[in-house]
Each structure stands twice: as structure tokens, then as C-alpha cells.
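Engineer: What follows is the residue order along each chain.
Number of protein chains: 4
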Amino acid sequence: MTLSVAILGGSGYAGGELLRLLLGHPEVEVTQVTSRSRAGKFVHTVHPNLRKRTQLKFIPPEKLERVDVLFSALPHGATAPQVKDLLERGSIVVDLSADFRLRDPAAYERWYGWSHPFPEMIPDTVYGMPELHREEIRTARYIAGPGCTATAAILGLAPLFRAGVVDPSMPVVIEAKTGSSGAGAEVTLSSHHPERAGIIRSFKPTGHRHSAEILQELAVDGVAPNVHFTVTSVEAVRGILATSHVFLKEPLADKDLWKIYRGMYGQEPFIRLVKEASGIHRYPEPKILSGTNYCDIGWELDADGKRLVVMAAIDNLMKGAAGQAVQAMNIRCGFDETAGLEFPGLHPI
Amino acid sequence: MTLSVAILGGSGYAGGELLRLLLGHPEVEVTQVTSRSRAGKFVHTVHPNLRKRTQLKFIPPEKLERVDVLFSALPHGATAPQVKDLLERGSIVVDLSADFRLRDPAAYERWYGWSHPFPEMIPDTVYGMPELHREEIRTARYIAGPGCTATAAILGLAPLFRAGVVDPSMPVVIEAKTGSSGAGAEVTLSSHHPERAGIIRSFKPTGHRHSAEILQELAVDGVAPNVHFTVTSVEAVRGILATSHVFLKEPLADKDLWKIYRGMYGQEPFIRLVKEASGIHRYPEPKILSGTNYCDIGWELDADGKRLVVMAAIDNLMKGAAGQAVQAMNIRCGFDETAGLEFPGLHPI
Amino acid sequence: MTLSVAILGGSGYAGGELLRLLLGHPEVEVTQVTSRSRAGKFVHTVHPNLRKRTQLKFIPPEKLERVDVLFSALPHGATAPQVKDLLERGSIVVDLSADFRLRDPAAYERWYGWSHPFPEMIPDTVYGMPELHREEIRTARYIAGPGCTATAAILGLAPLFRAGVVDPSMPVVIEAKTGSSGAGAEVTLSSHHPERAGIIRSFKPTGHRHSAEILQELAVDGVAPNVHFTVTSVEAVRGILATSHVFLKEPLADKDLWKIYRGMYGQEPFIRLVKEASGIHRYPEPKILSGTNYCDIGWELDADGKRLVVMAAIDNLMKGAAGQAVQAMNIRCGFDETAGLEFPGLHPI
Amino acid sequence: MTLSVAILGGSGYAGGELLRLLLGHPEVEVTQVTSRSRAGKFVHTVHPNLRKRTQLKFIPPEKLERVDVLFSALPHGATAPQVKDLLERGSIVVDLSADFRLRDPAAYERWYGWSHPFPEMIPDTVYGMPELHREEIRTARYIAGPGCTATAAILGLAPLFRAGVVDPSMPVVIEAKTGSSGAGAEVTLSSHHPERAGIIRSFKPTGHRHSAEILQELAVDGVAPNVHFTVTSVEAVRGILATSHVFLKEPLADKDLWKIYRGMYGQEPFIRLVKEASGIHRYPEPKILSGTNYCDIGWELDADGKRLVVMAAIDNLMKGAAGQAVQAMNIRCGFDETAGLEFPGLHPI
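Protein chains in written order, with full-length UniProt numbering: chain A, 1 to 349; chain B, 1 to 349; chain C, 1 to 349; chain D, 1 to 349.
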């Protein structure tokens, strides 16, 4: 039986990607998609790839009727205040904003600068990263989709922290390189093509909000990791490469790392370990992941076996947003986990 | 019952794209893919998007066993000499090279500079463009896949020539803009990134070989059109936009053109007419077609209604090569014409 | 003796380029630069390349004091109404807007949709393209800087029209490809990086305003040429390539064309004829012109010698705007024509 | 009196950039430029920006006559064996290869995998970074031009190490992002445009050869720093951004850092400190440095004042190669240090 799904806030990039995925999903039917500013227009006027794929039009959010699964792609800070309304509109809610990602209400004040309006609801939500929280997702009523750069950073590092091989006295430095679509569909001077094209520009050298998720999800036994997170913008529309520099307790060999990564991810449908001895594709590369839900992970050890460089690549709109949200829905609803997420990506691109 | 398919010359870009499409095709099984230089290697070492999608390895071409449908992606000039061998290896052959595209053997000498070794076989082949030759494709033994820039040019202009509205005393000027993947996987100075990046560079101002196909396919009642074809390389990996400047016998209005284009393409699964009054997506745009088999067509009339500018956009590796070849196979084998070609494309990208 | 110069409207891209050129010019001193929105700020906060090059700050336009040469980089339509004020502020005015480019006041209504407020002043202005109007520029009080795509189109075609070799019964089709900086520093959805990056998108298939200048400047003995002008946006920040398709009265050979082009441009400091038999740089290429005042021109004849494809490349902000304006000032003020314009451009870039 | 200069190995990218700079230099005359493979051809066939700027042709290296200053742009490993010949050909030699950058001959075996043929000459050479070795350069006979990524890393970090504020018990992680021109003019699969365009790809996660220079030049009192160096390739032709993560002995404030950086670089003509409170140009950005000799340096402190992120941007072919070499020549020959290096760079670009 097909489930009904709707998208709240469907005119942005994550909303468009959700629409693409859900229109092609074998188990669901998209019944509504909202946009306050575009209400009444065909969705393909905003998402031109969907021309001839759907005759859906945007509706105002007020007209949204109850569905089985509601995807919310509202801005950060705008979601939490209306969480009760969301729960009335969807039997299951998948929220792509940051508003229920953090377990500690105080963290919102520290990292986002606002006070959470419904801290009492946080325990009923799940951080929607299947590789770390699959079992909780299976029964969740409210799933909080992870942040894009956080997803790449966490997936690259979690096996190492869980295996206990990271030297706790040393910093882990994470440098994420990101394309322009992660900043959204809103027009700004920093996204003006003559200014944005061809840049290699620090976006957030320190204090990036996704640090909060990384600290939360990489903690082991309540001990927060010593991570330092920096984001640099580069010329690309989609794509994130998170390069993490890890100092190990004891020297390790590649075979140890294969064991650690295979141990955690061996059965994961959307993690690929990419580590070849040679060739131009020997490391993860975000551009070939455009449109896919993969997170490709590779690494390289320094000669002394004590510094490890981990590379994790994703498409920020897919595994970093809409794709991961659909994967979570698949798990929650008992569908095949890869349903609607089969696109293998393009090469060359 | 699943048909067996194989790809001869599978290490190039069109070969890789065929592999991607055929691995995801519900009606066929890829049994073999050849590459002389890469024999023995996993296909994903060359086509990294296929990692975890197939365990196929390249085999040497000599080892190719007979299949139901053989896709040949050998270089121009290298295919014709071995055509008999191809016909022994595949019950149906879909040839992506130029070697059987032209009906007139003399045209090979004029445009390609070589003499066709098997001119007697030309009548048994079909120019594999479904929109113009669907019925012949249904029964073809040997299908010649059209050239990439020719596909965009022909699809944009055919309705006008068939409708008889083009002024025969005036030239039709076609300017195709193209990305870098059309030149193939072979490394050259002109494809060296520091030289190729960011260019707006004439590739073939005159004398482009695809002119021969355009002249052939736009001819009506044996009368060759007065077309002039120029190709300019621009910064993109995939994508062609063919802009054609047409002078009309009589002034026309937009509604006349809608009628002409809908008349020919109204039922076509892979043609979309893109002509909006406003918006940044009001004309065809190749980038959103990456990975799709669409040809998007739009136009604009000059104020006096006598010059018509037609824009046709494709992904050169898809509708311009592998996608169109799979579409032809679908027609030939009685499959759903869109089987394996469902990807809607990405936005933004 | 150093002349004083000022820039009215100095926060845009042409204004910034003027500032770069004039700060490095040996014969002038930039005394003031205005910006209503940025008044009080250091110019390098808007034009970061000028950091450590000048301590100038933007001033409000009202504070502009009289200078020897006033460069006006105000928007189209905003300049004409204040022309008398401009003439009071500058002994010589170089206006980069379109407001005094056209000789025929009625043309403003046709192409720009507004009625010229001071048509009586048009005869006292000069179209500031040195290659066509050098003598008039020498004594001009008010110089109207040409449009960017018009500059490339006109410079590529003028020698042919003047030589009388163009078949008047046939259309000349001009297709200009352009980068994003020509659209200015104003933020819009069409310039939003995820939307603008990697495009091959028709900008103005018909009706582009620069058509008016092209028609005016290519007219011979009052006969307007039969030109058709289309602009396509491609991935680049700077750069225009105008590809023109010309049908000749009589077949010509390359040596005829060398004679025609050398005849008109042989002594021009900023025109280079680029036509090699081979090599990746055998035709004009805008990217290597970034920051230079060159217009590189090349051509290719069709096999029958009757269709000629002319390629003309410029940097839209230089020969297409600020550079050409400085060149005009140099002529007007009796400076070395290349003063301040010596930068040879970069390769690779 | 004009000095004579020559370029040995002038057909590569650094050679072309040297040529551009030296042709425009007021104190020198380029008398010869060699290229084995291009001998007899005009230099502008390889460096198209120099068309109409010089009538020089490449000569075979054997024909090189003695000059006042010889710039050598031969490949790494090919220079050292012929060092005596170089010293005979040039009264002063500026060598852009790596062959005399390292003080410790054993370092060549470790990092480059070959044994230095003339270790006894190393003491007579100078590491040609003016900001660190200006006095030695003034009298040097043989100047070894620094590596491109090393230049950005060293210039960004040297003030901190010299000021003694870096915690020696903690690692300094340097992540350099780089464009494609740094890999040179040699055609390879990794530089093939369809493969190279749009990448965010680890180039050398560990073991990059420039580590050797960084370790050498950041050492204080013989104590090597604890640096870890990674290079990632991104979409750009020119440009490097080195982002360094430093852990401080004691918390510092911005004013402390301004003092440290101004103390070392306050008088440097080619270092700019770029650190604004807001704006899209608040941090260093390599793209606006194209063609300039600047190294722009900025930083950001973590909230606790203990992690410092330093960003240093250069044009790899300028401050990272040819520009720094000309700067060294200027110092050595007593010219104005900025002679020939005045280009301020472009914006937008």
C-alpha cells in the first residue's frame, strides 16, 4: 500500500531534491508540496529537472493536509516553534532543519544563539543518521536529519572513535571543503557568481554550527572528542569532502584500518570504502557522487603510522540532506533501505 | 526473459555511460564488457561511479561471446572494417561510431577522409534517432547511433524543415556549444585542465564532420538544407546547446511554432518543449539534463517574426550517445521506450 | 603635468576596473570615487584587489568636485538625465553607460524603451571606439563608451563591411558568448552561483539592446547591415567571444582576408589577428585576455570560400568597458595610447 | 644599465610566467629563452598572452649564452646534475626547481628518493624566500626558489613559530588547497579536463615533498616543528590557500596576533594582512591574487583563544614560483623590490 508523503517548504534545494527522490520512490505518493512564495506555481518552474515528471503545484503551507510521512524543509529556527503542528500533520515527521538535532537544549544557545522553545520534546526525536542510529529510527515518531558537513565528518570518524584508537590528548582537525548549494537557494552577495566562482575561501574557520553535532555524535561514553572543525568553500555546486587529521594512540597499519572500517560499515548500503593503491580515483571524490546517497570513505596513513588522514565525500543535498532523509524514511517504514535511492552517479561529470 | 547485452570498447566515456544504463535496465543483463588496454581490471577502476554496483571486469575483445544485443563503442573508422565480426557477435548491433551513419558512401570521403570498406552494407543499417526513424529501428539489424552535436541540431530543426516553413534561399546557421567530454577519454593538450578550463574557444568554425549527418537528416524530398554548422567549446564536462538561426518563408507567430513542434514531438517521451515567458529556466539548459535522455527544445522569434532562434539542449553522453542508443534498443526489442532511462536529472547542479 | 580624474559610480565592476587602471596610470591622479551606498568605506572593501594600493574612500556623489576627466559608470537610463551636471563636473566626460551611444534618439525608444531627455546633446558626443572614431575622440568633450558585446561584434565585422565584401542579400548572424560579470555587481537569482555555474544558457536570443550599436556602427553610407544578434551565457566571469557568420559577395581566400584585416587594424595597438594553422591557441580565446585591453580577431573560411566565420574575443570589463574608456582618454588627452593598459594577460588562467 | 637575463626551460608554466614578468621589467632585457621541444618556434605559440609582446623564439638549451641572470625552470632532479653548467652560464642563477632548496642532503633521499649529486654546493645556495632570507639573497650566487605550497604554508606560520607562541606538544595541521597549474604543463590523465574539472580530490594526504621545506624553514633554533601537511586539489587553474591549524601555548587575543604578524611583515611589500570583521573579502582569497606576487594572510581564533586557524593565499605561479624568483632577483641586483611585479590583480575574476 502506497504511503502519502508531503513536503513542507518545497521550493529550496533540499526540498527539490526530496521531491525528485519521492516522485521516483516505489512505495510512496507525493500528495502535496508547500511554498509560501511560490504557491500556485508548477513545481517545475522552480525545479526545472521535474518538468514532464509531475503536474504538482506548490500550495500554501496552511493548506497542508495530514499525510503518513511529512518532510519538513523549513529554515533553522523556524521549525521548532511549530513542531506540534508538524506532528499533527504527519504520522511520521522527518525534519531537515537543525532544530532537533542536538540532545542538549543548552547547545542551541551556545551554537545557534537561541533558546529552544520545546526542550521537553527533544527526547522523543532521533538523530537521523542510519549508520549510527538505525534501531532508534525504526520506531521514531520524529527524525531530525543531520547537517551536511557534519554527516561527512561523523561518518568518516565514527569507526575510529568507537574502536578507541584515537589519541585523546591530541586534537582531531577536520577540514571540510564544500560547494555552493549547501548555502541554499537564497540569493546573497557571497553567492553572486562573479564573486563565488572559482573561490577557495574560508567560510567558517572556527565556530561552525555543525561542530555541535560532530561533538555529540562522536562522543563515546559521554566523553566529547577533541575535534576542531573548519569549512572552506570551493568551486562546486554539490559536494563535500571532509578531510580529517587524526592522531592515533598507537601506530596502526592499513589492515587494522580496513578491519575497523569494515567492521562498522561492511553491511552499510550507502558507505563505500575507497582506497586504491593507484589511479586517479584512489580516494573519495565528491563530484562522482552527485545525485547519489553514497558516502565514500578513504584514508592514508603517515609513514610512521601515527597520523591518519581520513577523507569522506558526499553530495550535500543527498547523503547530506534529502537522500539521508529518504533513507531514514525507508528504515522507519520498513521499505527496502535503498528504495528511491538507486541512482549510481555519473562519470565523467 | 532477460536479454544478454555486451559492450565492445567499454573503457571510454560512452562505454561507461552505456554500462551505467544497462546495469540498471530491467530487461537486460550485461554479460561482458571489453577493453584491450584495461582487460582484467574491474570496470569500476575506470568508471568509479560503478563501484559497488558491479563486479564485472573488462575482457579482451577477442573473448567476446555472442549476445542478443551488442553495443559497439569503438572509435570512428575502426568499426566499419570489422562490421561482419560485429554482426556475428550480436543478434542486434547498436554502433555508436560514425561509420554507418551516412547513407551516401561518398560522404565518408568528403567528411571523414576515408573510403568506406563495406558500402554495400549501408542500406541494411538505420540512423538510430527514434524521433525520425522509429519505425525503421523496430526491425533493424544494425543501428547507427547519431553524433552528439548532430542530435541537438537535427532535433531542434527537423520540425521546421518538415513543416516547410524555412526560407530555402537563406542560410540556417547552427552554433553548437559543447563541453569537454564529447572529445572522449583520450588525453590531449587541448584537454589539459589549465588549458581547457574556462574557455570559450572555437573548436570547428567550419567543416565539422557532424555537418554530414545534419545535411542528410534535414533533407526533405532529397533537397539538402542550406545549413552552416559551427562548434564552440565552453566550460562544462557534459552538455550541448545547439542554437540555430532560421529565416522563415513567412512571418510566424509563437502559436504556429507550438503547433509545429507539438505536432512532431507531442508524443515523444524524451523531447520537452521549454519556452516560458519568464524565469531563469525559460529556455533549454543543458546542465540540468546531465544523466538524462531528454532533448529540451525552445525558441524565440525576432520582433518581425522572420528570424527564429531555436535552442536545443542535450547531455552529449546520453541523448547524444549512450542514452539514445539504449532508447533505440528499447524500441527494437519491444521494451518500454523509457526503460533504464528514467533518471530525471539534478537541480541545482 | 598630472591630470585629475574621478569616477562617478565606482562600486560596480566597471568602476572597480577603472579604478585599477587609473591608479596605475602614469599621467593621471584619481582624486575621488563616488558611491552612494558605500560612501565612507575604503574602496578596497569592495574591490579587494586594491588593498594596499590606495587609501581612497568612496564619497557620496554630491561631494564630487570638478576634475579634468570624469568617468561616469552610472546605470543605463540614469546618466542622460544628469548629463549637464556631468559636464559641469568634468572638463572631459567619459560615460560608460548606453545613454549617448546611439545617434538616433528614436533608437532609444525602440531598443531601451525610454525617450531620450536631451536628444539635442547627442551630436556633441562621440561613440568611443578608437578603431572607428579615433579622430573624433581627439577633440571630444563627451565620449560614450561602447557596449561590451557590441565591441566584440563590431570590431570583428567592421573591416568586412568597410571593404564591401559582405553579401547584402544575406544575413550576418552574430552569436556572442559571455561570462557573468557583464551583468554587473547586482545580485539576482540568475547570478546565484548554484543556478549560474556551468550554464550554457540563452540570455537574449533576439532583441538584445546592443543590436542598436552594431547596426549603427556597421552601417556604410547610411545602409544598415542585415545583422542578427544573439547572446548566450556560459561559465566564465570575464570574457566575450563573438562568433559571426558572414556570407560573402564573392568567394575570398585567406590572403584577401589578411589584407582586409591588416589594412584596417595593422597599426592598432589593441587589435591582434589570431589565426594559426594549428595549435590550441590558433583562434581567439577570451580567457587569456582577462585584464587586458586586447581584442583578438580570427576567422575561418568554409571550403567554398563563401561563408566566413569571424571570431572576436575581449575581456568585457576591459576592451568592453573600462579599458576602452581609458584608451579613449589617452587619445583625447594626448597620452601614449597604451598608457595604463600594458598588462599582457595571463597564461594559463 | 640593463642586465641581460635568460630562461632555461621556458616552455612550461613557470617559464612562461617568468617571461611575462621579465619582458615587462624595467631593468632587464630577456635575451634568450630555451626549450628543447619547441626550439625555433615563437614563444607566443606556447604562451599566447605574449603575442605582439615579443618576437623571441625558443632556442635549444645548448645555444644558451652567458647572461647576467639565468633563471632555470628545469624539472626537479634534472637541475642538480648540471649545476656547474648553470653557474657558467649565469653570473647569478635563480633556480625554480627543488634541487637546492634543502640544506640537508639526506633530506633529498628521504623526500625525493634520489641522492644529491653535488651536496658540497648546497652551502653556497640560498632558499629564495625574501621574507625569511632577504639578507642572504642580497649576496647570493645561486638562489633556490621555494616550492609553491611550501611558500603559502611557511609565510602563514613563520611569525608564530618565531614568536614562540606555538604549543610544541601539539601538532600543526596544514591543509593546502590547490589549482591545476601547479602540476605543470605536462598532459596526464589526472589533468584531463573531464576528470579534473570540478574536483575536490586529495592529492597528497601525507608525504608531500614540500613538507621538507616547511620543516626546514619553520625550525627555530634547530628544533623542527611538529607539522603535518596535506594537499587537496580543487577547481581552479591558479591559486593556493593554505589553511593551518595551530594550537597555542597560551590563549591569545587578536591584538596579540596583529602585533606578531605586523612585527614580522609590517614592511614587507608583498604580504598583506587580510582580516576584516565582515564582508565576503574578510579572509584571504587566492583568486584575486592571480598574476600578482602577493601573499595574503589572515587568521581566526577559536572562542577559547587556543586554536588558531591561519589562512595564507598565493598565486602558485607568482609568489609560489616566478614572481618570488623575480622578487629575489630584484633584491640581489639592487633593483626596487617590486620592479616588474606591480600588477594588482583583478576583481572580479
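Among the clues, some could well be false.
Said to hold, decoys possible - 16 Å max Cα-Cα, derived EDC-like pairs, lysine to aspartate or glutamate:
1. 306/A <-> 167/A
2. 52/B <-> 167/A
3. 41/A <-> 276/B
No lab work stands behind these hints, which were simulated from the structure alone.
Computed from a prediction, not measured in an experiment: that's the story for all the values here.
Engineer: Of the hints stated earlier, which fail here?
Structural biologist: 2
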